[in-house]
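Student: Given next are the chains, with one letter for each unit.
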Amino acid sequence: AQSVTQPDIHITVSEGASLELRCNYSYGATPYLFWYVQSPGQGLQLLLKYFSGDTLVQGIKGFEAEFKRSQSSFNLRKPSVHWSDAAEYFCAVGAGGGNKLTFGTGTQLKVEL
Amino acid sequence: GAVVSQHPSRVICKSGTSVKIECRSLDFQATTMFWYRQFPKQSLMLMATSNEGSKATYEQGVEKDKFLINHASLTLSTLTVTSAHPEDSSFYICSAEPTGVNEQFFGPGTRLTVL
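Sequences listed follow chains A and B, in order.
Each number in my numbering corresponds to the 1-based position in the first sequence with 200 added.
Each number in my numbering corresponds to the 1-based position in the second sequence with 147 added.
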C-alpha cells in the first residue's frame, strides 16, 4: 500500500530564510510524486511534480524538490521564503493513469515578518 | 487550461436533507474524477474514484448508499450526500484527470455545513 509521511506538522520560518519541507513515501514501484499548496478554505494548487528523469524538479513560485530514491524522499525547498508562502503544504504519491493519490498529513507553514 | 469547477462553493442544509455537489472539468475531458473529504486542519481523504459511464469505486469505510456518485459525462461528476447529518459537515474537494495525463486537477472545494 502506498503511503506518505510528512514529519513536520508545523514549521515557522522568517521571511527571507530558506525552507525545506520533508516528505517520505512508501510505494512499490516508481512513484508519481506531487507537492500541492492550499490556502485556507481553498482548493489545492500544484507546485511541482516528478514522474521520471531529472531528480531535481523546478516548480512554480520559486519552489523546487529533489527525488531521492535511496531515501524514499521528495523534499520541497525554497531558497527565500515570502510572507505570501504561508499556507498548508501537502505531499502526495500516486501511480498516474487514473489511479488514486495518497496525501500526507500536511505541513502548516507560518512565515514571520 | 485544465480548470475544474465545483458548485456550490458553500452550502448549508438541515439535518436529514440531501445535498448535491457538482464537479466539472471546464476545458478538458476526464475519464476519471475523484472525490475527497477534508476535515478541519486535516489532510485529504479519498472517498471514491468515479469513472465515466460506470459505477464509482468507494474507499473502505465510505458508505456508498450515503454518498452517491454519478459520472454521467466526461466533464461532469456529482456527489450527493443523502440524509445529511452534522457529522457530514466537511470540505469536499473533487479532482479530475485528463485522459492520458498522469495528473489530477483540483476543484476549489465545497464547504458543507449540516445543521
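Hints are computed from structural coordinates only; laboratory data are not their basis.
Certain hints may be false.
Claimed, not checked - Some chain B residues well away from chain A (every beta-carbon gap over 10 Å; in silico): (1) C160; (2) K167; (3) L193; (4) I240.
Said to hold, decoys possible - In the SDA-like style, the derived pairs of lysine to any residue whose C-alpha atoms are separated by at most 20 Å in a straight line are: (5) A:K300 - B:C160; (6) A:K249 - B:S190; (7) A:K261 - A:L219; (8) A:K249 - B:N249; (9) B:K167 - B:V248; (10) A:K249 - B:V248; (11) A:K300 - B:V248; (12) B:K202 - A:G297; (13) B:K188 - A:V311; (14) A:K310 - B:P187; (15) A:K300 - B:R184.
Even glycine gets a Cβ: it sits at the ideal position worked out from N, Cα and C.
Student: State for each hint whether it applies.
Tutor: Hint by hint, here is what the structure shows:
no.: 1; hint: C160; in the structure: holds (19 Å)
no.: 2; hint: K167; in the structure: holds (19 Å)
no.: 3; hint: L193; in the structure: violated (5 Å)
no.: 4; hint: I240; in the structure: violated (6 Å)
no.: 5; hint: A:K300 - B:C160; in the structure: violated (30 Å)
no.: 6; hint: A:K249 - B:S190; in the structure: holds (19 Å)
no.: 7; hint: A:K261 - A:L219; in the structure: holds (13 Å)
no.: 8; hint: A:K249 - B:N249; in the structure: holds (10 Å)
no.: 9; hint: B:K167 - B:V248; in the structure: violated (28 Å)
no.: 10; hint: A:K249 - B:V248; in the structure: holds (13 Å)
no.: 11; hint: A:K300 - B:V248; in the structure: holds (13 Å)
no.: 12; hint: B:K202 - A:G297; in the structure: holds (18 Å)
no.: 13; hint: B:K188 - A:V311; in the structure: holds (18 Å)
no.: 14; hint: A:K310 - B:P187; in the structure: holds (17 Å)
no.: 15; hint: A:K300 - B:R184; in the structure: holds (14 Å)
Comparing the model with each earlier hint shows violations of hints 3, 4, 5, 9; every other hint is respected.
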